[in-house]
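Please construct the entire structure, taking both the sequences and the accompanying hints into account.
Note that the numbering used here has the sequence shown beginning at 1, numbered continuously upward.
Derived by calculation from the structure, the hints in this document are not laboratory data. Built from N, CA and C at the ideal position, the CB exists for glycine as well. Please note that the accuracy of each hint is not assured.
Stated by the list, open to error - With beta-carbon atoms standing in for the labels, derived distance ranges:
id	residue 1	residue 2	range
1	90	23	20 to 26 Å
2	102	23	30 to 36 Å
3	13	52	28 to 34 Å
4	105	37	33 to 39 Å
5	2	112	27 to 33 Å
6	12	111	19 to 25 Å
7	23	98	16 to 22 Å
8	27	84	25 to 31 Å
9	105	29	32 to 38 Å
10	110	65	17 to 23 Å
11	20	98	29 to 35 Å
Stated by the list, open to error - Listed below are the simulated DSS-like cross-link pairs for lysine-lysine, each with C-alpha atoms no more than 25 Å apart in a straight line:
id	residue 1	residue 2
12	2	28
13	82	28
14	23	82
15	2	23
16	2	82
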Amino acid sequence: MKAAIICVDDEWTILTTLGQQLKRYFGKDYEIELANSGAETLALCAELTAEGLEIPLVISDQRMQGMEGDTLLIQLHNLYPKMLKIMLTGQADADSVGNVVNAAALYRYIRKPWD
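Written out as structure tokens, the structure reads:
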């Protein structure tokens with residue numbers, strides 16, 4: 001079964017950089033999909049799963065316009081509990097991280113800029 005990793009950020013430069021890095025390391029085994037909002041991510045997940053793709057991982061920024069990352073990751077956890085979720089941000093407060101750790105089984109938290 002083919003699988004996809006989804007990256008979510010409302011800053012296009014960061015989103016494309018992350019996507020390029022993931023393609024370099026995981027592009028042979030996974031499709032790398034990009035989304036610029038929580039709503040787009042939810043629609044993309046529904047579309048990909050309807051096509052039979054597994055989504056083992058979503059990497060989402062915390063601070064985004066509209067739906068913030070913690071809200072998105074909690075919704076994804078409710079829909080796809082086996083999906084790994086990583087929060088990527090330079091501005092998350094302890095409450096946001098704690099909220100998503102408890103409510104969405106956050107797998108990792110990565111600070112911007114990353115290596």
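Quick rundown of the hints versus the structure:
Checking the proposed 20 to 26 Å range against residue 90 and residue 23 shows it holds: the Cβ atoms sit about 23 Å from each other. Between residue 102 and residue 23 the CB atoms are about 32 Å apart, so this pair conforms to the stated range of 30 to 36 Å. Here the CB-CB span from residue 13 to residue 52 is close to 32 Å, well matched to the stated 28 to 34 Å. The supplied range of 33 to 39 Å is broken by residue 105 and residue 37, whose beta-carbon atoms lie about 22 Å from each other.
Range check, residue 2 to residue 112: about 29 Å between beta-carbon atoms, so the 27 to 33 Å window is met. Evaluation of the 19 to 25 Å hint for residue 12 and residue 111 yields a pass: the beta carbon distance comes to about 20 Å. Roughly 32 Å separates the CB atoms of residue 23 and residue 98, a value that falls outside the hinted 16 to 22 Å. Separated by about 18 Å at the C-beta atoms, residue 27 and residue 84 break the suggested range of 25 to 31 Å.
Checked against the given bound of 32 to 38 Å, the beta carbons of residue 105 and residue 29, roughly 23 Å apart, lie outside it. For residue 110 and residue 65, the hinted distance range of 17 to 23 Å is satisfied, since their beta carbons lie about 21 Å from each other. Remark: the range hint 29 to 35 Å for residue 20 to residue 98 is upheld by a beta-carbon distance near 31 Å. Distance check on the hinted pair: residue 2 and residue 28 sit about 11 Å apart at the alpha-carbon level, within 25 Å; holds.
Under the criterion of a C-alpha separation no larger than 25 Å, the hint pairing residue 82 with residue 28 is consistent with the structure, at around 22 Å. Distance restraint check for residue 23 and residue 82: the Cα-Cα separation of roughly 22 Å lies within the 25 Å cut-off, and the hinted pair is therefore satisfied. Taken as a hint, the residue 2 and residue 23 pair is honoured in the structure, with Cα atoms around 15 Å apart against an allowance of 25 Å. About 16 Å separates the Cα atoms of residue 2 and residue 82, which keeps this hinted pair within 25 Å; it holds.
The structure does not agree with the numbered hints 4, 7, 8 and 9 stated previously, though it agrees with the rest.
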